[in-house]
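**Q** The listed protein sequences derive, respectively, from chains A and B.
Just so we're aligned: the first sequence equals residues 1 to 469 in this note's numbering.
Just so we're aligned: the second sequence equals residues 1 to 98 in this note's numbering.
A couple of the hints might just be wrong.
Only pairs whose alpha carbons sit at most 27 Å apart, straight line, appear in this in silico DSSO-like list of lysine-lysine [said to hold, decoys possible]: (1) Lys401/A x Lys26/B; (2) Lys336/A x Lys94/B; (3) Lys328/A x Lys10/B; (4) Lys52/A x Lys112/A; (5) Lys5/B x Lys328/A; (6) Lys94/B x Lys63/A; (7) Lys63/A x Lys274/A; (8) Lys10/B x Lys253/A; (9) Lys405/A x Lys93/B; (10) Lys253/A x Lys457/A; (11) Lys91/B x Lys378/A; (12) Lys378/A x Lys405/A; (13) Lys10/B x Lys94/B; (14) Lys91/B x Lys5/A; (15) Lys18/A x Lys5/A; (16) Lys328/A x Lys91/B; (17) Lys93/B x Lys328/A; (18) Lys328/A x Lys250/A; (19) Lys112/A x Lys63/A; (20) Lys9/B x Lys93/B; (21) Lys31/A x Lys52/A; (22) Lys336/A x Lys5/B; (23) Lys91/B x Lys336/A; (24) Lys91/B x Lys405/A; (25) Lys10/B x Lys336/A; (26) Lys250/A x Lys457/A; (27) Lys336/A x Lys93/B.
Just so you have them, the derived chain A footprint on chain B, three or more residues with Cβ under 8 Å [unchecked claim]: (28) 16-22; (29) 81-91.
Keep in mind the hints are simulated off the structure, nothing from the lab.
Don't be surprised by glycine CBs; every beta carbon is placed ideally from N, CA and C.
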Amino acid sequence: MDTKKLSAKAIAEGIRTKQFSAVEVTRAYLKNIEAQNTTLNALLEVFDDAEKNAARVDELIAKGEVTSPLSGVPMVVKDNILIEGKIASAASRMLATHRAPYDATAISKLKKAGVVFLGRANMDEFAMGSSTENSAYGPSKNPFDVTRVPGGSSGGSASAVAADLVPVSLGSETCGSIRQPASLCGLVGLKPTYGAISRYGLIAMGSSLDQIGPLSHTVDDSELLFEAMKGHDDMDSTSLPDDGEVATPKNKKIGIPREFVKDAAPAVQEVFEKSLATLRERGYEIVDIEFPSAPFGLAAYYIVMPAEVSTNLARLDGVRYGLHVEGKDLLDEYKKSRREGFGPETRRRIILGAYVLSSGYYDAYYRRATALRSVIAKDLERAFADVSYIATPTTPNAAFKIGEKSDPLSMYLEDVFAAPANLTGIPAISVPHQTIVRDGVTLPVGIQFMSPKRTEKTLFTIARDLMEG
Amino acid sequence: MAISKDEVKKLAELSRLELTDAEVEKMQHDIDAVISYVDTLQTVDLPEVPEGTIYFDEVNVMREDGDALPGDAFTDALLAQAPRRQGRFVKVKKILGS
Chain A
1 MDTKKLSAKA IAEGIRTKQF SAVEVTRAYL KNIEAQNTTL NALLEVFDDA
51 EKNAARVDEL IAKGEVTSPL SGVPMVVKDN ILIEGKIASA ASRMLATHRA
101 PYDATAISKL KKAGVVFLGR ANMDEFAMGS STENSAYGPS KNPFDVTRVP
151 GGSSGGSASA VAADLVPVSL GSETCGSIRQ PASLCGLVGL KPTYGAISRY
201 GLIAMGSSLD QIGPLSHTVD DSELLFEAMK GHDDMDSTSL PDDGEVATPK
251 NKKIGIPREF VKDAAPAVQE VFEKSLATLR ERGYEIVDIE FPSAPFGLAA
301 YYIVMPAEVS TNLARLDGVR YGLHVEGKDL LDEYKKSRRE GFGPETRRRI
351 ILGAYVLSSG YYDAYYRRAT ALRSVIAKDL ERAFADVSYI ATPTTPNAAF
401 KIGEKSDPLS MYLEDVFAAP ANLTGIPAIS VPHQTIVRDG VTLPVGIQFM
451 SPKRTEKTLF TIARDLMEG
Chain B
1 MAISKDEVKK LAELSRLELT DAEVEKMQHD IDAVISYVDT LQTVDLPEVP
51 EGTIYFDEVN VMREDGDALP GDAFTDALLA QAPRRQGRFV KVKKILGS
């Protein structure tokens with residue numbers, strides 16, 4: 001079967017109408033993985049029970065027991081989302097042999113829907129990075145140019161879909177980690193409203209920011225996955241109630257924060273204008289808006305996130321689970337285990353977090369960053385009083401070369417457009433629409449739309465209007 | 001430099017991370033660059049925001065006191081993850097006396 005850019009929706013439909021079976025679909029994608037994963041390093045593991053699980057889905061479908069629009073669809077999952085009995089290493093040496101004792105809520109919902117899990121996708125260690133170069137297991141490659149990064153931290157998930165190793169995948173975001181790789185790999189990537197999808201079973205990085213979300217070729221697929229995973233969960237106390245979603249935008253106005261957009265490379269700004277022109281043709285009104293706090297979002301993020309990282313990763317001490325290194329006493333074992341277990345970026349963020357939370361610096365950093373989150377939320381509230389969407393480029397540039405951004409700060413700046421959504425909990429989507437040429441290679445770049453909390457449906461609408469007309 | 005080598009060493013100690021001298025130096029350099037960047041926040045005029053947050057519609061989530069799960073629900077699965085164990089205990093080096 002031809003799997004090129006095949007959508008999850010088409011696959012489930014094909015299985016339902018008996019054009020092919022779930023086993024045949026799984027075999028076809030396993031073949032793609034076999035052929036390409038050595039080059040791309042998108043997947044850290046291919047599950048040996050995938051075919052067996054696909055056969056079970058075929059049986060359930062035959063008996064009429066599974067009728068979801070995702071039945072039989074193969075998928076890979078970022079290595080920080082727990083699947084019971086499978087390793088979940090967060091691409092860290094620390095958790096190299098850590099087996100998940102339970103399913104993440106998102107996973108149990110997808111299992112019920114008849115999704116077949118093919119493997120776990122590479123990522124930056126503990127989701128810290130924008131390129132997968134911080135993985136303890138080597139970087140993933142961008143299928144558009146294997147000398148370039150696929151973005152990150154959900155870079156394996158993006159590379160896998162872009163190269164048709166799977167039709168769809170799961171990633172997670174703390175600040176752009178779904179949208180940025182989606183942009184760099186020409187995919188749709190959704191960061192849902194904070195609390196829309198349960199974080200139960202997602203290895204925590206920045207708990208007030210983290211969200212699971214889908215990556216896909218089509219808007220329909222992202223919507224199907226979002227619908228399958230969303231919903232209140234008692235196991236996540238920040239999970240939102242089931243009611244409260246808004247399906248229709250109040251108008252077709254898109255606000256453009258002009259000053260903020262200037263943080264993108266000139267070529268990216270140019271194609272961004274082309275996307276806006278398309279939207280105008282399709283009945284949208286484009287207006288300039290003020291968003292004065294936006295450029296400070298990333299600075300606030302680099303205070304809040306490390307603070308939460310240093311707290312969340314304190315549990316990894318080589319005693320209860322994870323890597324254990326022998327030492328002369330308990331303290332020595334903590335220090336040696338954490339030294340061996342964590343890569344350089346993870347160590348950097350732990351120490352940065354300890355710094356901003358130090359008693360003398362708390363007011364200057366953490367408190368100010370928290371205040372800025374409120375200011376951004378107020379700016380957004382003001383903007384959304386008039387417009388339904390805010391658009392920016394997803395990323396300042398197209399995919400960069402592996403090794404190009406060796407200084408940490410230049411890597412951090414990749415996520416400048418992502419920060420406002422994560423800091424305030426609103427949803428945002430990256431939509432593939434334009435390309436730019438770098439060194440003779442045509443590379444995709446995405447456009448990002450943000451909208452008020454719980455308006456994912458309106459994001460799918462504008463994404464469809466842009467991609468499909 | 002906004003941060004001294006001694007500060008880096010102290011933070012590493014508090015974070016239970018062993019660093020070599022070369023790593024301390026690199027860490028000082030990297031952290032300094034990030035601090036300089038996040039210091040742009042010091043230039044923004046921010047309103048006095050009360051403790052607590054207004055950007056999430058937060059509600060307290062409560063449940064009845066009592067065991068949420070039966071006592072043994074995950075004991076074996078979780079103990080199986082411990083690198084060193086003795087029977088139904090996690091084993092650590094002794095911390096008192098020596």
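**Q** All hints, please: hold or fail.
**A** Hints and how they fare:
no.: 1; hint: Lys401/A x Lys26/B; result: 23 Å, holds
no.: 2; hint: Lys336/A x Lys94/B; result: 17 Å, holds
no.: 3; hint: Lys328/A x Lys10/B; result: 20 Å, holds
no.: 4; hint: Lys52/A x Lys112/A; result: 16 Å, holds
no.: 5; hint: Lys5/B x Lys328/A; result: 25 Å, holds
no.: 6; hint: Lys94/B x Lys63/A; result: 58 Å, violated
no.: 7; hint: Lys63/A x Lys274/A; result: 49 Å, violated
no.: 8; hint: Lys10/B x Lys253/A; result: 52 Å, violated
no.: 9; hint: Lys405/A x Lys93/B; result: 42 Å, violated
no.: 10; hint: Lys253/A x Lys457/A; result: 16 Å, holds
no.: 11; hint: Lys91/B x Lys378/A; result: 51 Å, violated
no.: 12; hint: Lys378/A x Lys405/A; result: 33 Å, violated
no.: 13; hint: Lys10/B x Lys94/B; result: 24 Å, holds
no.: 14; hint: Lys91/B x Lys5/A; result: 51 Å, violated
no.: 15; hint: Lys18/A x Lys5/A; result: 20 Å, holds
no.: 16; hint: Lys328/A x Lys91/B; result: 15 Å, holds
no.: 17; hint: Lys93/B x Lys328/A; result: 8 Å, holds
no.: 18; hint: Lys328/A x Lys250/A; result: 65 Å, violated
no.: 19; hint: Lys112/A x Lys63/A; result: 15 Å, holds
no.: 20; hint: Lys9/B x Lys93/B; result: 24 Å, holds
no.: 21; hint: Lys31/A x Lys52/A; result: 16 Å, holds
no.: 22; hint: Lys336/A x Lys5/B; result: 20 Å, holds
no.: 23; hint: Lys91/B x Lys336/A; result: 17 Å, holds
no.: 24; hint: Lys91/B x Lys405/A; result: 42 Å, violated
no.: 25; hint: Lys10/B x Lys336/A; result: 16 Å, holds
no.: 26; hint: Lys250/A x Lys457/A; result: 12 Å, holds
no.: 27; hint: Lys336/A x Lys93/B; result: 14 Å, holds
no.: 28; hint: 16-22; result: holds (count 4)
no.: 29; hint: 81-91; result: holds (count 5)
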